[in-house]
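Colleague: Just so you know, we're using my numbering here: the sequence shown kicks off at 19 and counts up by one.
If you're looking for bench data, these hints aren't it; they were derived computationally from the structure.
One or more hints might be untrue.
Dumping the calculated BS3-like pairs for lysine-lysine here, alpha-carbon to alpha-carbon at most 27 Å [said to hold, decoys possible]: (1) 94 with 76; (2) 124 with 317; (3) 76 with 317; (4) 124 with 49; (5) 170 with 76; (6) 124 with 45; (7) 76 with 320.
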Amino acid sequence: MAEEGAAILFVGAFTLDVLYTSPNFSKGPGKYLASSRISTASGMATTAASAAARLGAKAALWASVGEDATGQALIKEIEAEGVDCQSVRRVAGGRTATAAIIVDEKGERWVVVDYDPVTQSPPAPDSLPDLDSYQAVMADVRWPEASEYALKTLGGRGRLAVLDMDVAERSILERLAPHASHIVASAIGAEILTGQSDITAAGCWMARHYGCFVCVTNGGDGAVWVAPDRLEPHHVPSPSVEVRDTNGAGDVFHAAFTLALAEGRTEAYAVQFAHAAAALKCTVVGGRLGAPDRQTTVKLMKETYLDER
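Start from the sequences, fold in the hints, and give me the full structure.
Modeller: This is the structure:
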């Protein structure tokens with residue numbers, strides 16, 4: 019029986035997101051009036067940590083913000099979600115990252131992010147967090163030095179080391195991937211690393227090259243996962259839902275996937291659980307704010323897949 023409440027460290031991005039809904043935005047250049055505006059603490063690892071906490075994890079965040087009012091407010095917001103933020107670094111003279119997001123009538127989004135090199139500078143050797151208490155780490159690509167340390171350290175101890183492989187320079191992906199026990203990549207992230215636009219080919223290449231479990235997600239078209247021992251691709255469709263906002267869906271997917279594995283579930287179960295959580299997030303406008311609870315997620319997973327492995 020799987021044990022709930024795993025201790026997971028999330029490493030990477032922490033941003034202030036300002037999300038605007040604009041139904042006609044996809045028509046092209048011009049001036050648009052927003053139909054709504056939402057401001058929220060976010061970022062890949064941060065959204066994942068918050069989603070994991072809602073799903074029942076003991077989530078902690080290792081990220082970097084400026085020593086400014088924005089950073090302090092973001093930390094309070096994420097702590098209110100039940101996430102341990104003691105390891106969040108506050109950088110003097112640094113600027114907290116921000117993102118502007120537009121969501122159109124189909125739920126598709128455009129994201130522009132500003133990261134300050136000072137705030138995202140490598141962590142000092144004497145400021146590294148103690149990782150002994152964590153069963154797993156999920157790290158994104160936005161703070162590569164911290165992510166590499168966490169993946170390498172926990173992976174080297176035989177614990178779960180999940181890499182959120184998204185858009186980044188290929189050199190960063192090549193730096194982080196060898197330290198992961200599990201890679202969950204977006205279709206574009208997989209293509210940047212492998213040069214393969216076909217997600218099945220990209221997944222098989224990574225599983226063979228790095229000798230780890232790989233899942234490549236492709237939005238509403240579902241995902242393909244490949245285990246390194248058999249290199250046999252498995253396609254998992256996405257649940258059918260009314261999509262209102264896809265922003266943050268990938269981060270919720272990573273959170274649910276990592277939590278399921280940390281609780282002792284199989285990879286097949288974890289992918290289904292993650293798909294259900296991500297789909298439910300897409301039904302709510304507001305990025306991180308749409309992350310679901312466990313009961314609702316399990317219900318949709320069972321209704322969709324009829325198979326709780």
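Colleague: Is the hinted pair residue 76 and residue 320 satisfied, with a Cα-Cα distance of at most 27 Å?
Modeller: This hinted pair holds, its Cα atoms lying about 24 Å apart.
Colleague: Does the structure keep residue 76 and residue 317 at a Cα separation of 27 Å or less?
Modeller: Measuring from Cα to Cα gives roughly 22 Å; hence the hint holds.
Colleague: Measure nothing beyond the straight line between the CA atoms of residue 170 and residue 76; if it is 27 Å or shorter, mark the hint as holding.
Modeller: holds (21 Å)
Colleague: Given the hint that residue 124 pairs with residue 45, does the C-alpha gap stay at or below 27 Å?
Modeller: holds (12 Å)
Colleague: Are the Cα positions of residue 124 and residue 49 separated by 27 Å at most?
Modeller: holds (19 Å)
Colleague: Verify the proposed pairing of residue 124 with residue 317, using a straight-line Cα cut of 27 Å.
Modeller: Judged against 27 Å, a Cα distance of about 25 Å means the pair holds.
Colleague: Taken at face value, is the distance from the CA of residue 76 to the CA of residue 94 at most 27 Å?
Modeller: holds (17 Å)
Every hint, counting from the list given before, is met by this structure.
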